[in-house]
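Asks: The chain contents come next:
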Amino acid sequence: MSTLISLLASGISLGGVLALVSVGFLLLYKATGVLNFAHGDLVTLGAYVAIWVIAEWGLPSVAAYALALIALFLVGVIVERIAYAPLRKRPPLVAVIATLAAAIMIEGLIAVWQGANPKSLASPVQNVIFTIDGARIPAQEVLIVVAAVVVLAAVLFVFEKTSFGRQVRAMAADPEMAQLNGVAMRTLSMLAFGLSAALACLAGVLIAPLNEVTPTFGFTLMISGFAAAVLGGFGSIGGVILGSIVVGLVQNLLGGYVLQGYAEALPFILMFLVLVVRPEGLLVLKSSRL
Amino acid sequence: MTTAQTSPEVPKLLADRSLPKLPGVYRQHQIIGVAIFAVAACLILPRVVTSLSDQSLMNQWTAYSIAAIGFYWIFGLAGRFAFCQTFMMLLGGYISAWVTRELGPQWFLLGLVAAIAATAVFAALIGLATARTGEFYFAIATLAVTEVGLIVFPKLTSLTGADGQTIGISPPQIGGTVLLTGEDVFWLFIGLLTLVLVVAVLLERSPLRRDAIAARDNGPVARTAGVPVVKTQITLFALGSAAGGLSGAMIGHLTGTISTDSFGLSLSIGIFLMLLLGGSDSYWGPVLGAAFYVVIPQVLTSLQAYETIVYGGLLLVVVILLPHGLIGVGRSVMVTGRHLWQRRTAASS
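Just so you know, the protein sequences line up as chains U and A, in that order.
Position one of the first sequence corresponds to residue 1 (the numbering used here), numbered consecutively onward.
Position one of the second sequence corresponds to residue 291 (the numbering used here), numbered consecutively onward.
Note that these hints are calculated values from the structure, not bench results.
Quantities reported herein were computed from a predicted structural model and do not represent experimental measurements.
Just so you know, not all the hints are guaranteed correct.
[Claimed, not checked] Chain U side only, calculated, beta carbon under 7 Å to chain A, not exhaustive:
# : residue
1 : Ile54
2 : Ile104
3 : Val112
4 : Trp113
5 : Ala173
6 : Leu273
7 : Val276
8 : Val277
9 : Pro279
[What the hints assert, rightly or not] Distance ranges between label pairs, derived from CB positions:
#  : chain 1 : residue 1 : chain 2 : residue 2 : range
10 : A       : Val607    : U       : Trp57     : 33 to 39 Å
11 : U       : Gln126    : A       : Ser622    : 47 to 53 Å
12 : U       : Glu160    : A       : Ser622    : 45 to 51 Å
13 : A       : Gln455    : U       : Pro118    : 31 to 37 Å
[To be verified] Among chain A residues calculated to face chain U with C-beta under 10 Å, some are:
#  : residue
14 : Ala328
15 : Ala331
16 : Ile334
17 : Leu335
18 : Val338
19 : Phe426
20 : Phe428
21 : Ala595
22 : Val609
23 : Leu616
24 : Gly618
Beta carbons: idealized from backbone N, C-alpha and C, even for Gly.
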C-alpha cells in the first residue's frame with residue numbers, strides 16, 4: 001500500500017512536470033507551427049542557470065529560480081531570432097531541423113560550461129518529507145503539483161481570455177487569415193518562444209531537485225512530453241495535461257510494478273501505439289495543425 | 291526569337307533553340323558518373339591517404355556515405371523525416387556481429403545480407419504501422435523507436451552483449467581472405483559504396499522516384515492521380531533503412547565494436563548534417579557531406595571540446611544559408627558561369 005501511494009505521488013508529480021513541458025511546447029506549436037526540438041535542452045539550461053546562480057551569487061533558491069526564468073525567457077527569444085525567424089517562410093520541417101541544431105548547440109554549450117558530471121539543484125523544501133500511511137513522499141513532489149496547477153491555470157487563463165491567447169489561437173486556426181487581421185507575427189512568435197522557454201525552465205527547476213542534473217536530462221523529459229502531447233491529441237491544452245498525467249502514472253505504476261527496468265521506454269511505446277492506432281492523437285476535438 | 295510570331299512557326303522554334311535542351315534522365319550518364327567516381331577514388335585515395343588513422347577515417351567515410359544515401363532516399367526523395375537511421379545502423383551492426391559470432395567469421399557476407407534484410411523488414415513493419423501519420427508525427431514515432439531501441443538493446447544481452455556493447459567483432463573476411471589492414475578494407479568498402487551508388491542511380495531512373503517526389507510534394511493530389519503513396523514511401527523507407535543497416539554492419543566489422551553509446555543523438559544529427567550539408571536533392575550530396583563530416587573534426591582539432599556546438603552551428607548555417615547544400619552551391623555556380631559565357635558569346639557574335 002505504501003509503495004502504491006508513493007508511486008502514485010511520484011507519478012502525479014512527474015505528470016505535473018510533463019504537463020509544464022508539453023504545454024510550453026504546445027503553446028509554441030500553436031503560435032508558430034513549429035515543433036521545437038530545443039525545448040528539452042531549455043529545460044536542462046533552466047536547471048543549470050539556477051544551479052549556477054546559487055553557486056556563484058549565493059542567492060536563495062527561489063530567487064535563483066526567478067532569475068533563471070527571466071534568463072530563459074531571453075534565451076527563448078534568442079532561439080527564435082536565430083533558428084526560427086530566418087526560416088519562417090520555408091517549410092515547417094526545415095524550421096524543425098533548425099531547432100534540432102539549436103538543441104545540440106545548447107547541449108554542447110552546457111557541457112562546456114558546466115561539465116558532464118551530474119549536479120544537484122537546491123530546493124526550498126529540500127529535506128521535508130511527508131509520511132502518509134507509511135509512504136514517504138518528498139515535499140518537492142507536493143510543491144511540483146501545486147506549482148503546476150497554479151501555473152497551468154494561469155496559462156489556460158491567458159490562452160482563453162487575453163488578447164495574446166486569442167492571437168495564438170487565431171494563428172493556430174489559420175495563420176494567413178490571422179496575419180491579415182492584424183496579428184503581429186514577429187512580436188507574437190518572439191513572445192511565444194520566450195514564454196515557452198520560461199515554462200520549460202520552470203519544469204526544469206521543479207524536477208531537478210528530485211534527480212541529478214546532467215546535460216541530457218531535459219531531452220529525455222521532452223520526449224516523454226511529446227508522448228503526453230500526442231496522447232492528448234496535440235490540440236487542446238486540457239487534453240495535453242490529461243495526457244501528461246497518464247504518462248506520468250503509466251511510467252511510475254507500470255514501470256514500478258510490472259516492467260521494472262523498462263520504465264523509461266514505456267512513454268515511447270505508449271506514444272508509438274497511439275500514433276499507430278490513432279494517427280491524430282487520442283483526444284481530437286477540433287482539427288489540429290498536424 | 292519572340293513568341294509574337296504566327297502560330298505555325300512556334301513548334302519549329304521550340305524544336306530549334308528557344309528552349310534550352312534539358313538532358314533527359316537517360317542522357318545524364320549517371321552510371322558513367324558513378325564509374326568515374328569509383329575509379330578516381332580507387333586511384334587517388336589509397337595513394338593520398340596512407341596513415342593508419344586516416345585510412346580508418348576514409349573507411350568510416352564510405353560507411354557513413356551509405357547510411358546518408360539511405361537517409362537521402364527516406365528524407366530527400368520520400369520526404370519522410372525518419373529519426374531512426376542510427377537505430378537501423380545499430381540493429382544492422384548487432385545482427386551482422388551476431389551472425390559472424392554464431393556461424394564463424396567466414397560468414398561475413400552473410401552477416402551483411404542478414405543486416406540488410408533485418409533492417410529492411412523492420413523498417414517496413416514500422417512504415418506500415420505509421421503509414422497514416424503526418425510528417426511531424428512520423429518524426430516523433432521514429433524518434434520513439436530509436437529511444438526504445440536505446441533502452442531495450444542493452445537488455446537483450448544474448449544479441450548485443452553485456453550492456454549493449456558488442457566487442458571483438460571479427461574483421462571482414464571474403465573467400466578465406468581476412469581483410470586486416472585499413473587499405474584492404476577500403477577496397478571492399480569502396481566496392482560496397484559503388485554498389486549502393488549504382489542502386490541510387492537505378493532508383494533515380496525508375497518511376498519510383500517520380501512517384502516519391504509527387505507523394506512528397508502533394509500527397510492528396512498524387513493519390514488522386516493514382517500514385518501509390520503509402521507503398522512508395524514504405525518502399526523507400528525500407529530501402530534507406532537497409533542502407534543504414536549495411537552501414538552499421540560495416541562500421542561494426544571495421545572498428546570491432548558496436549555499442550549504443552556511439553549511435554546516439556549526436557550521430558543522428560550527424561546524418562542530418564551529412565545530407566543537408568552535401569545537398570538533399572542528389573545522391574552525391576550525402577557522399578560529399580559524409581566526407582566533410584569525417585574531415586571537419588580533423589581540421590578543427592583545437593575545437594574538440596566544442597564539437598557538438600560546431601556541428602549544431604554548422605547545421606543551422608547550412609539550413610539557413612545553403613538550402614540546397616554544397617551540391618546546390620556548385621550547381622548555381624555552374625549555371626551562373628554558363629549564363630555569363632552565353633552572354634559573352636552572344637555579345638561577341
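Asks: Now look at each hint and say whether the structure bears it out.
Replies: Verification of the hints:
no.	hint	result
1	Ile54	violated (25 Å)
2	Ile104	holds (4 Å)
3	Val112	holds (6 Å)
4	Trp113	violated (11 Å)
5	Ala173	violated (17 Å)
6	Leu273	violated (9 Å)
7	Val276	holds (5 Å)
8	Val277	violated (9 Å)
9	Pro279	holds (4 Å)
10	A:Val607 with U:Trp57: 33 to 39 Å	holds (35 Å)
11	U:Gln126 with A:Ser622: 47 to 53 Å	violated (59 Å)
12	U:Glu160 with A:Ser622: 45 to 51 Å	holds (49 Å)
13	A:Gln455 with U:Pro118: 31 to 37 Å	violated (22 Å)
14	Ala328	violated (31 Å)
15	Ala331	violated (29 Å)
16	Ile334	violated (33 Å)
17	Leu335	violated (30 Å)
18	Val338	violated (31 Å)
19	Phe426	holds (5 Å)
20	Phe428	holds (8 Å)
21	Ala595	holds (6 Å)
22	Val609	holds (5 Å)
23	Leu616	violated (16 Å)
24	Gly618	violated (14 Å)
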